[in-house]
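Chemist: As a plain string of letters, each chain reads:
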Amino acid sequence: MIPARPIPERKRRRGRTGSALIEMAVGWFIITTVFGAAFEYGYIFYQYNSLFNAVNNGARYASMYPYDTNSPTYSDNFKHSVQDIVLYGDPTGSSSTLVLRNLKTSNITITVTGTGDSSGTPNTWSPTQMTVAIATDTNGYAIDGVFGTFTFKGKPTVTYPFVGNYTGNQ
Amino acid sequence: MKSKDRRTMKPNVEIPTGYRRRNGFVLMTMALVAVAMLGALGLAVDMGRIFIIRNETQAFCDAAALAAASYLDNTSDGLQNGDAAAKATAVKWNFSTTTVPSPTVEYATSPSGPWSDKTNFPANGADSGAGCSTGKSSTNDPACGYKFVRVKTSVQVPLYFLPVVETAVTKTYNQTVNSQAIAGQVDITGSPESPYTGVSEGCYTITTPINAVGQGCPNSAPSVGPPNFGLSIGNDTTPCINGTTNGNNAAVGCYDIQWPKFNSGGGGNGKTCAATQQDADNCFLAQSPPCANDQGGTNAEISVVANWGSSTNGYWGLQAASSISAEVLAYVPNPNMPVVGAGTNIQPVLTSGQQQSQANTLDDRVNQDPANWETTYSAYLADSTHNGRRLMIAPVVYPSSSTSTVVQGFGLYFLLSNATAAGTTSDYYKKQTDGNKPYCAMYVGTSCVGCKDNGVGGNTGAAAVKLIQ
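Protein chains in written order, with the working numbering: chain P, 1 to 170; chain B, 1001 to 1469.
A couple of the hints might just be wrong.
Computed list of lysine-lysine pairs in DSS-like fashion (alpha-carbon distance at most 25 Å, straight line) [as the list claims (entries may be wrong)]: (1) Lys-79/P <-> Lys-1152/B; (2) Lys-155/P <-> Lys-1152/B; (3) Lys-79/P <-> Lys-155/P; (4) Lys-104/P <-> Lys-1092/B.
Each pair of labels, with its calculated beta carbon distance range [as the list claims (entries may be wrong)]: (5) Met-24/P <-> Gly-1039/B: 20 to 28 Å; (6) Phe-1051/B <-> His-80/P: 29 to 37 Å; (7) Thr-1104/B <-> Ile-30/P: 43 to 51 Å; (8) Tyr-1173/B <-> Ser-94/P: 22 to 30 Å; (9) Thr-92/P <-> Val-1035/B: 34 to 42 Å; (10) Gly-148/P <-> Gly-1190/B: 48 to 56 Å; (11) Ser-1102/B <-> Phe-39/P: 35 to 43 Å; (12) Thr-92/P <-> Leu-1329/B: 21 to 29 Å.
It should be emphasised that the hints constitute simulated quantities derived from the structure, not laboratory data. Note that beta-carbon positions come from the ideal geometry of N, C-alpha and C, so glycine has one too.
So that you can see chain P by itself, here it is in the shape it has in the complex:
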């Protein structure tokens, strides 16, 4: 058996110096990546949570707000009140501070579900459920992260039973 030739001290020291640099580079890359991912996901989740709360508040408000038409086509008054709750957390629209950056009325869809015939004569329709959601089409809400943009389409979606004041439902 031929004994391994010892590596000269000078050569060993030179290789170790380089590996430390590489370890450092790899280490920083990993650290940056992981911390970047943590921040990115944390931020996106925080924003989504805020978005969910905004949509949930809108749906809850719609379920209680007096419904003032006898068809699934809601009035402007109803629409603006619900939209303002989602956008500003305030049904009057007096606030101008958005709960989420770049959230617009076009991002919000309001769907009123009812029972009966709204096109018949006489009209026999009455509301049963209120759904507020983020639009499913190109109007989905985009959250700008550091490393990319996440667009939510059709989510969150929240539905509440209508328990508000509709004279026809008492």
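Since the structure of chain P is already known, use the hints to place chain B on it.
Modeler: Frame of chain P, contents of chain B only:
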């Protein structure tokens, strides 16, 4: 000063015997940093998801509890329907992608419990327990008085990063997220639902429900309180419309929802009365029918005549016929109409109005209900096409003097119809009024905003479905 390496400009260090230990230093540091990093990533990803999912499941419970509470009506069937409605709630979890597992739905007579699930209230359950009298059920039912719902759900959230940094021997790979909501039918004390008023069958003050005598009520007035204020719930076997009896008929639960104008006019109405008796107000003069095929007034209504001024028609808030008609057909309360609360003396705001012009409006409202042809309330409720337009909430008042007409509470009234089959229209009110006679409707019990029908009933005769917790 230490010498430096000319190439790296780092201090020359004596390492002949130490570098072997330094080989693992970077590895150890990286390992420690990796644990910290995974912990941070776990907090960001796993905890972030848990918070989102908790909000999603809470929204599910809120919606489910409201849905279930809207069905409660003192009957086991209502409770079973509420259970099904809660479990059909559409809110999803996991970024609105996953159906929430079937929740636990429990019921109680008080928001603090004790709670019972639906197995204690079998459908079409045996009549037992305390008496429960609502418009929907004239029999006793074990579900009587149950007006609060608790919905609980639990989901397992898979964890991806936190288990890595967990020090426990048995690691947790799923986090249980529990949510709960309580909703119920909560008494409301004010409502502007209808411009009409009904008259109670006795005196009741909200502060002294038992001993009303001496509290501004006539000594002769019986003390009757909620939920029905002495009114009899409509008698399905003898509906208001029977071909001969129109107008007020307390014996079968039919009451005026508007006071007749106190004057000497009137006539007609198809009754076989003498000309001098053809005034609707005659109904209020005696217990015995003033004319053939007519009904005498109740004690309360006789008292009305005695205490009532001559300038009011029983409307309150609005005077113009167009305004009153708009209010009758409104899908929401008129914002210009003051909210009337139990205990309020509405005498100052009572107005006169043009009754005859509103007859068509009342008929329109009846005809907006697909079940406009049902003649009894139980048949109406059993008709799956009914949408509630024939039901109208009105303040129930007791006039104790010419200046005091206090709102006792609220009641739900079933508007009458002469339609004979589905698809036909009614012109009952148009035919049955001559401009001065009162409108009549069947009292059908308590009212509830947000409920499917009557609700459970409460201290004011009116309630609303609300979240409590």
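Chemist: List, from low to high, the hint numbers that the structure doesn't satisfy.
Modeler: 1, 8 and 9
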